[in-house]
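2 protein chains.
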Amino acid sequence: MGRCVNFQAELEKRTRETEEIIRRYLPEEEGFAGTLTKAMNYSMCAGGKRLRPILLRETLRLFGGEERLCEPFMAAIEMIHTHSLIHDDLPAIDNDDYRRGRLTTHKVYGEAMGVLSGDALLNYAYETMFRAFDLGGNRDAVIRSVRIMAEKTGISGMLGGQGVDVENDGKPLTREMLDYIYLHKTSALIEAPMMVGAVLAGAREEEVNLVEKVARDVGLAFQIRDDILDVISTSAELGKPVHSDDKNHKITYVTLFGIQEASRQAAFFSQEALHILESLKQKNEFLLELVTSLVERRK
Amino acid sequence: MGRCVNFQAELEKRTRETEEIIRRYLPEEEGFAGTLTKAMNYSMCAGGKRLRPILLRETLRLFGGEERLCEPFMAAIEMIHTHSLIHDDLPAIDNDDYRRGRLTTHKVYGEAMGVLSGDALLNYAYETMFRAFDLGGNRDAVIRSVRIMAEKTGISGMLGGQGVDVENDGKPLTREMLDYIYLHKTSALIEAPMMVGAVLAGAREEEVNLVEKVARDVGLAFQIRDDILDVISTSAELGKPVHSDDKNHKITYVTLFGIQEASRQAAFFSQEALHILESLKQKNEFLLELVTSLVERRK
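Residue numbers (our numbering), protein chains in the order written: chain B, 1 to 299; chain D, 1 to 299.
No wet-lab data here; the hints were simulated from the structure. C-beta: ideal position from N, C-alpha, C; glycine also. Some hints here could point you the wrong way.
[What the hints assert, rightly or not] Reference excerpt, derived from the structure (chain D facing chain B, CB under 7 Å, subset only):
| id | residue |
| --- | --- |
| 1 | ILE21 |
| 2 | GLU58 |
| 3 | PHE63 |
| 4 | GLY64 |
| 5 | ALA92 |
| 6 | ASP96 |
| 7 | GLU127 |
| 8 | ARG147 |
| 9 | THR153 |
| 10 | GLY170 |
| 11 | PRO172 |
| 12 | LEU173 |
| 13 | TYR180 |
| 14 | LEU183 |
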């Protein structure tokens, strides 16, 4: 119990620190293009758990890396994530008016600005990452990191998953396709920050591969737990509407396999992730607890 | 006259070569994300003059650079340009059904795929540029080049211009704002490839700055000539509808200053660009003719 309270406090501290780091990298809102940058910053400051940048820094810490070097990447991964949320919310895709209780970007700034501010955040993520070249770290590690970020964001990563998800909206899905969507839409943007943390810290190749596998499993377990919680929770417990998958005729791990088998699968990926993390000779107790909280999430 | 015929033949040859280079860098259309990559390639293969990659390579040749190293950047600048066209054509922005006589991407693949394939092309431009790190050239020059590409694409470049253009659609514009839009929407994506050509060829800092100025002037002259041609041409001469600016109540150099003064301004920027190019100790006769054809365009 003491450990739990401690973890919560530590998580809040790290979230605040991450928030400050991200804000330092946001664009200025001055000049003619002020509205565009306001729209970018509106969505970047809309809250959110900042999990990806936190995972990035904690993985860097696990391997004893220099903290300063990872800050541009912490901001950049959040820009890429936010870019995907803005475009997801557009009328052409999910058509959502609210996110986390606030109006979505295109509802406040108009649809054209919604498209452009999403584009601008994706591009600004690269401009931000490239600032790591000015910090005097290992050049090869920075080059490797920007390439990982690009690959996990693009058609072999998150955007590939989005494409398949959008294309098959409302159609029957096989497990193979569902796995593809989860691995690309969710896991890829967890793999990127954790791998970058490891690479920037100078982890060995086998270690980077293990970290990728942990992140992959965390993404899958998180997503399958999401499917399960939608069915077994009450709206009050979850803090958002439940049974939405059923109402939207969405194919999930639960509709494909039932709750019991879905739970077994989630447990399998969770255990694999935790087992790999525990087997490393380096330790980061906070990272272990964070990953545990993600894969065993109850809301 | 002989020179002109020669130039046309040389331009066609270079356009074909550029087309081949670009095609080598397009993504595979296999696997689950096949439709997304098909949508990317549909728009990448929709024709177009390939001016930006041609300008990139000719500027590299001007300074005697190694050709192989610039190929990923030639493909990447065309991906960035195409990304901007796909998103521009979306219903949320210009709502165009046709471009160069073919249905626009969102008309063929749907609006959601229009958003995502534009995103994917922007991101793939970075993945493509990063392949230059594998070609064994000067690492610092490649890093400098990707940073130039990012800056000229983002809020300080093309996307900044798009944002101001979209925001002020149908509103009165000052010359300052019109210049901002032309410099960012048009000049920035000419500055990027020409500067990258110079940087990859190892040009000196002053030379890179002069090339940036040439590109800036070319963009402005090209854009102002566009304003003039819309008024003075017949539809048959131009190969597209004329008087569209007037019909759309668009503010242009012609509506702000009249044809005579607009022509004077275009001539000023043209002469400045050509004067700088001619003053360099390095020579590239084809580049000089290409720039001349752009700034003195009659259609």
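Quick rundown of the hints versus the structure:
| no. | hint | verdict |
| --- | --- | --- |
| 1 | ILE21 | violated (20 Å) |
| 2 | GLU58 | violated (26 Å) |
| 3 | PHE63 | violated (23 Å) |
| 4 | GLY64 | violated (26 Å) |
| 5 | ALA92 | holds (4 Å) |
| 6 | ASP96 | violated (13 Å) |
| 7 | GLU127 | holds (5 Å) |
| 8 | ARG147 | holds (5 Å) |
| 9 | THR153 | holds (5 Å) |
| 10 | GLY170 | violated (12 Å) |
| 11 | PRO172 | violated (15 Å) |
| 12 | LEU173 | violated (11 Å) |
| 13 | TYR180 | holds (5 Å) |
| 14 | LEU183 | violated (10 Å) |
Checked against the numbered hints above, the structure breaks hints 1, 2, 3, 4, 6, 10, 11, 12, 14 and satisfies the rest.
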